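Novice: Place chain B on chain A using the hints.
Protein chains in written order, with our numbering: chain A, 11 to 299; chain B, 1079 to 1350.
Just so you know, these hints were derived from the structure itself, not from any lab.
Hints may be right or wrong, so weigh each one.
Chain A side only, calculated, beta carbon under 10 Å to chain B, not exhaustive [unchecked claim]:
id, residue
1, THR20
2, LEU68
3, SER72
4, ARG93
5, VAL96
6, LEU98
7, PRO103
8, GLN106
9, ALA170
10, MET171
11, VAL177
12, LEU250
13, VAL252
Computed list of lysine-lysine pairs in DSS-like fashion (alpha-carbon distance at most 25 Å, straight line) [claimed, not checked]:
id, chain 1, residue 1, chain 2, residue 2
14, A, LYS121, A, LYS87
15, B, LYS1316, B, LYS1227
16, A, LYS69, A, LYS87
17, A, LYS150, A, LYS15
18, B, LYS1274, A, LYS121
19, A, LYS121, A, LYS146
20, A, LYS15, A, LYS203
21, A, LYS87, A, LYS45
22, B, LYS1255, A, LYS121
23, A, LYS15, A, LYS31
24, B, LYS1316, A, LYS88
25, A, LYS69, A, LYS88
26, A, LYS150, B, LYS1292
27, A, LYS203, A, LYS45
28, A, LYS87, B, LYS1227
29, A, LYS45, A, LYS232
30, B, LYS1255, A, LYS88
31, B, LYS1255, A, LYS69
32, A, LYS87, A, LYS15
33, A, LYS15, A, LYS88
34, B, LYS1292, A, LYS31
35, B, LYS1255, A, LYS87
Residues from chain A that keep clear of chain B, each with C-beta distances beyond 10 Å, as calculated [unchecked claim]:
id, residue
36, ASP109
37, PHE118
38, ASP149
39, GLU180
40, GLU216
The structure displayed is predicted, hence computed values, not measured ones.
All C-beta atoms, glycine included, are put in the ideal place defined by N, C-alpha and C.
For reference, the chains in residue letters:
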Amino acid sequence: MSEIKLENVTYTYGAKTPFEKRAVDGISLTFEDGKITGLIGHTGSGKSTLVQMLNGLLKPDSGHIYLGGADIWAEPKKLRLVRFRVGLVMQYPEYQLFDETVRADIAFGPKNMGLSPEEIDERVIESARFAGVDEKLLDKSPFELSGGQKRRAAIAGVMAMRPEALVLDEPAAGLDPAGRDAILSGIRTYSEKTGATVIIVSHSMEDMAVYCDDIAVLADGKLKMKGTREEVFRRRDELLAVGLGVPMITDIACELMTLGVALGGDIYTVGGVADAICDSAAANGGENR
Amino acid sequence: MKDITLGQYFPGNSVLHKMDPRAKLISAIIYIAVVFTSSSAGALAFLAVATVAIMLISGIPISVYLRGLRPILFILALTAALNLFMTRGETVAFEFWIVKIYVEGINNAILMAVRITTLVLGSCVFLSYTTSPIALTDGLESLLGPLSKLHVPVHDFSMMMTIALRFIPLLIEETDKIMSAQKARGSDFSSGGPVKRVRALLPILIPLFVSSFKRAEELAVAMECRCYRGDVERTHMKVLRYGALDFVVMASLLVLLSAVIAINIFVPIYAF
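In isolation and in its complexed conformation, chain A is listed as follows (with noise of 0.2 Å):
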């Protein structure tokens, strides 16, 4: 039970002076129950603002917010708890991270939870396995590691609390594409595991279409577009028409596919695309090979 439902929901930053700028827009949404959800928008679009609302970091100023059926600020005093279920990985949370050793800050959140020392190891090694952080350094200050083992050791950090909903902003901004990779199957697997939930926020189509389920589309605080991935890159003028684009070998698909190339199934991975060639090409007979 750990679907997130938002509830026409509006954000506005700075109410009432010169500089008011309203981040979100009357946005109702439903995060289905242990998907991945991609969010994509452009830089300003309001999936940041969106996404701290999901734990509570701000509120919204009208609108629910549901989680599992119950709405989150229905007692403000019990946030906290709403924040352990709701795991929220910041944008470059290599920031946030404080204590002596690797093992010190991925335990920081459990033990904010108040649990035992026995299930806080556990959860350090098991949640250090899922982001990808080597247990030899685990034992070695965070200031040690290097920018993509500091990413990751900041994410082990959320997982650590076990979330039902995990939601990440920008995980994989600014590294290179191996250790894009690691982190981003690490959390399908955590996903896969544990049932959880899954929001990511990202740039890239290219990684939207290779790890997640379904897809959210903000344009200036308003949702445009959610669906599966097959239903919202097939939609790829109201994509270009918002400023954003689709996979480019969703590019190449589609540019086929107005040449006369019946191309079915799935567009928006290289593998697919390939699949999706022959098969168009054995329904041909064979001729065009």
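Specialist: Relative to chain A, chain B alone:
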């Protein structure tokens, strides 16, 4: 974290905004002299009117000034109360139970309250609200320029000040970010005893220090890469020049000063 207004620049187009920062610094000094010389009722009233006039000239909404006064409200009330109740004098204004309030006490309370308020408002007008931090340090550097003959590293000091001022908004933003991140991991800043609360600050302060040092180092490297040296004669992109306006404002403040002294001498009436 978001409502630190004291010491903030409000862009505008008023006469005060157009003044040379050096002239503004000198004006502020004369103004402070005016505040401390006005001691008679007439002088204080004159000072209050002049301060309001300067505030209006700046074109900055009065509400902004009032917000700037909020942090000193407590000091203001405390000083006035202490002066009111603790001053011993000759004439008793009124007596109630064990409290005896003297006319001198009332005088002192009003005097201090007006002085503190006008001091804060006046220096806000000249220095923080109408002068950008960069212009202010430029002005300070230029005014203190003669000291460099005595081997005081004036330029380096002003560079340090500029950098410090430049990084304040960044630090505030970063503190906000780190606080949110730790809250997301269940940090609790608002409950528990004093020891627990101070301990709860560590997860914020440590990352803040680490990133500040890192940023300082990066900035130093970037400056060195461009061969920055403070001890060579550096010129400014914007050369400071006094204009007619600057002399008019400074002269009017001198007039204000002499007027206040004259009122003190010739109309020595105090409150009541």
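Novice: Work down the list of hints and note, for each, if the structure agrees.
Specialist: Hint by hint, here is what the structure shows:
no.: 1; hint: THR20; verdict: 20 Å, violated
no.: 2; hint: LEU68; verdict: 9 Å, holds
no.: 3; hint: SER72; verdict: 21 Å, violated
no.: 4; hint: ARG93; verdict: 6 Å, holds
no.: 5; hint: VAL96; verdict: 9 Å, holds
no.: 6; hint: LEU98; verdict: 4 Å, holds
no.: 7; hint: PRO103; verdict: 6 Å, holds
no.: 8; hint: GLN106; verdict: 4 Å, holds
no.: 9; hint: ALA170; verdict: 9 Å, holds
no.: 10; hint: MET171; verdict: 7 Å, holds
no.: 11; hint: VAL177; verdict: 9 Å, holds
no.: 12; hint: LEU250; verdict: 32 Å, violated
no.: 13; hint: VAL252; verdict: 27 Å, violated
no.: 14; hint: LYS121/A - LYS87/A; verdict: 19 Å, holds
no.: 15; hint: LYS1316/B - LYS1227/B; verdict: 23 Å, holds
no.: 16; hint: LYS69/A - LYS87/A; verdict: 13 Å, holds
no.: 17; hint: LYS150/A - LYS15/A; verdict: 40 Å, violated
no.: 18; hint: LYS1274/B - LYS121/A; verdict: 14 Å, holds
no.: 19; hint: LYS121/A - LYS146/A; verdict: 22 Å, holds
no.: 20; hint: LYS15/A - LYS203/A; verdict: 23 Å, holds
no.: 21; hint: LYS87/A - LYS45/A; verdict: 29 Å, violated
no.: 22; hint: LYS1255/B - LYS121/A; verdict: 21 Å, holds
no.: 23; hint: LYS15/A - LYS31/A; verdict: 24 Å, holds
no.: 24; hint: LYS1316/B - LYS88/A; verdict: 55 Å, violated
no.: 25; hint: LYS69/A - LYS88/A; verdict: 14 Å, holds
no.: 26; hint: LYS150/A - LYS1292/B; verdict: 19 Å, holds
no.: 27; hint: LYS203/A - LYS45/A; verdict: 12 Å, holds
no.: 28; hint: LYS87/A - LYS1227/B; verdict: 62 Å, violated
no.: 29; hint: LYS45/A - LYS232/A; verdict: 22 Å, holds
no.: 30; hint: LYS1255/B - LYS88/A; verdict: 22 Å, holds
no.: 31; hint: LYS1255/B - LYS69/A; verdict: 16 Å, holds
no.: 32; hint: LYS87/A - LYS15/A; verdict: 21 Å, holds
no.: 33; hint: LYS15/A - LYS88/A; verdict: 18 Å, holds
no.: 34; hint: LYS1292/B - LYS31/A; verdict: 32 Å, violated
no.: 35; hint: LYS1255/B - LYS87/A; verdict: 22 Å, holds
no.: 36; hint: ASP109; verdict: 8 Å, violated
no.: 37; hint: PHE118; verdict: 6 Å, violated
no.: 38; hint: ASP149; verdict: 18 Å, holds
no.: 39; hint: GLU180; verdict: 13 Å, holds
no.: 40; hint: GLU216; verdict: 27 Å, holds
Checked against the numbered hints given earlier, this structure breaks hints 1, 3, 12, 13, 17, 21, 24, 28, 34, 36 and 37; the rest are met.
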